[in-house]
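Asks: Sequence:
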Amino acid sequence: MLKHSTTLTVIGFILFFLGLVSILLNLVGVDIFFLSWLYTYSVALSFAVRLAMIIGGVVLIYVGQTDWSREEL
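Every letter in the sequence shown is one number past the one before it in numbering that gives the first Met the number 0, and letter 26, counting from 1, is 25.
Hints listed in this document are in silico derivations from the structure and should not be mistaken for laboratory results.
Among the hints, a few may not be true.
Heads up, simulated SDA-like pairs for lysine to any residue below, C-alpha to C-alpha not over 25 Å straight-line [stated by the list, open to error]: (1) K2 x I22; (2) K2 x I54; (3) K2 x I53; (4) K2 x Y61; (5) K2 x F46; (6) K2 x R69; (7) K2 x F15; (8) K2 x G63; (9) K2 x L44; (10) K2 x V57; (11) K2 x R49; (12) K2 x L37; (13) K2 x S68; (14) K2 x M52; (15) K2 x V42; (16) K2 x I13; (17) K2 x I60; (18) K2 x L14; (19) K2 x F12; (20) K2 x E71; (21) K2 x W67; (22) K2 x S45; (23) K2 x L59.
Taking CB as the label site, the calculated pair distances span [unchecked claim]: (24) S68 x T39: 43 to 53 Å; (25) E71 x F33: 18 to 28 Å; (26) R69 x F33: 16 to 26 Å; (27) S68 x F33: 29 to 39 Å; (28) S4 x F32: 25 to 35 Å; (29) V42 x S4: 27 to 37 Å.
Idealized CB from N, CA, C, for every residue including glycine.
With these hints in hand, go ahead and build the complete structure from the sequences.
Replies: Below, the structure is given as structure tokens:
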């Protein structure tokens, strides 16, 4: 396993959770206060960043939980 797999998994869950909650709250017109700066650029860019947070979180969770020593090449 990776040396910092727990850290990657926790960061992945935080990114995934924040991205998902941010998109769901955006549907009802509420915004998380530290992500409100995203709307100064455009709505499409804001949605793309939030979607990238979700995808990046899933990737970090996968990388953190994969046992690379048991994988076949």
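Asks: Does each hint fit the structure? Answer for all of them.
Replies: Hint check results:
no.: 1; hint: K2 x I22; result: violated, 32 Å
no.: 2; hint: K2 x I54; result: holds, 22 Å
no.: 3; hint: K2 x I53; result: holds, 23 Å
no.: 4; hint: K2 x Y61; result: holds, 15 Å
no.: 5; hint: K2 x F46; result: violated, 33 Å
no.: 6; hint: K2 x R69; result: holds, 15 Å
no.: 7; hint: K2 x F15; result: holds, 22 Å
no.: 8; hint: K2 x G63; result: holds, 9 Å
no.: 9; hint: K2 x L44; result: violated, 34 Å
no.: 10; hint: K2 x V57; result: holds, 19 Å
no.: 11; hint: K2 x R49; result: violated, 28 Å
no.: 12; hint: K2 x L37; result: violated, 34 Å
no.: 13; hint: K2 x S68; result: holds, 12 Å
no.: 14; hint: K2 x M52; result: holds, 23 Å
no.: 15; hint: K2 x V42; result: violated, 38 Å
no.: 16; hint: K2 x I13; result: holds, 19 Å
no.: 17; hint: K2 x I60; result: holds, 14 Å
no.: 18; hint: K2 x L14; result: holds, 20 Å
no.: 19; hint: K2 x F12; result: holds, 18 Å
no.: 20; hint: K2 x E71; result: holds, 19 Å
no.: 21; hint: K2 x W67; result: holds, 11 Å
no.: 22; hint: K2 x S45; result: violated, 33 Å
no.: 23; hint: K2 x L59; result: holds, 14 Å
no.: 24; hint: S68 x T39: 43 to 53 Å; result: holds, 45 Å
no.: 25; hint: E71 x F33: 18 to 28 Å; result: violated, 42 Å
no.: 26; hint: R69 x F33: 16 to 26 Å; result: violated, 39 Å
no.: 27; hint: S68 x F33: 29 to 39 Å; result: holds, 38 Å
no.: 28; hint: S4 x F32: 25 to 35 Å; result: holds, 31 Å
no.: 29; hint: V42 x S4: 27 to 37 Å; result: holds, 36 Å
Consistency with the previously given hints fails for numbers 1, 5, 9, 11, 12, 15, 22, 25, 26, ordered from lowest to highest.
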